[in-house]
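Colleague: Go ahead and model the full structure; you've got the sequences and the hints to work with.
Listed in order, the protein sequences are those of chains A and B. Start counting the first sequence at 1; every next residue gets the next number (the numbering used here). Start counting the second sequence at 115; every next residue gets the next number (the numbering used here).
Note that these hints are calculated values from the structure, not bench results. Be a bit skeptical, because a hint or two may be false.
[To be verified] Computed footprint of chain B on chain A; a stretch qualifies when at least three of its residues, placed anywhere within it, have a C-beta under 8 Å from a C-beta of chain B: (1) 46-52; (2) 74-81; (3) 101-109.
Even glycine gets a Cβ: it sits at the ideal position worked out from N, Cα and C.
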Amino acid sequence: AQSVAQPEDQVNVAEGNPLTVKCTYSVSGNPYLFWYVQYPNRGLQFLLKYITGDNLVKGSYGFEAEFNKSQTSFHLKKPSALVSDSALYFCAVREKTGANNLFFGTGTRLTVIP
Amino acid sequence: GAGVSQTPSNKVTEKGKYVELRCDPISGHTALYWYRQSLGQGPEFLIYFQGTGAADDSGLPNDRFFAVRPEGSVSTLKIQRTERGDSAVYLCASSLTSGSSYNEQFFGPGTRLTVL
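Modeller: Pasting the structure below:
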């Protein structure tokens, strides 16, 4: 069975400070991992993915995420937050073998304070 | 280029009525997915199409829910005898063939269904 945990419902960070949005996962095999962002009244937008190889993946809008197999984590990071980064962030996982659908966490609302 | 589109953007219906939700995927995307997102939750998988056929419908909650994709492009999610608990945002996503199963899914803006 697959599961994703986003332990923080809300993250507040000051503009210009680094941000981290946490995600841990559980799958029976090797994972594909994704981050999506959701702005109000808009669809989910793909940010980045981990497939294989380098544990640090870079994505859109200056975001990056680090895959940590031993801790089964895939935390989203950005060195310097912008007010426009304020949105709802979802971590998702799918197994490399098996079901094709994504399994999502419950989301973390990021608020960047000017 | 055009993204995934969904119509209507909002649908209000009465308990017991039948509704159809439409999804137009990105041109050339053979894989199509339906998800349902309730308030405060992440999207939950409903059904996956590869071409015209439903490759995985394990997420459909019961037999009131059905989806079709007759020509391998546009898909319609159909809900019979709607219940108040069906109220949610229904999201459609598409991707290139899932043979390479790491292709990211591109999501539409969703249809907000409200059952009174």
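Colleague: State for each hint whether it applies.
Modeller: Checked hints:
no. : hint    : result
1   : 46-52   : holds (count 3)
2   : 74-81   : violated (count 0)
3   : 101-109 : holds (count 7)
The structure is inconsistent with hint 2 alone, although it conforms to all the rest.
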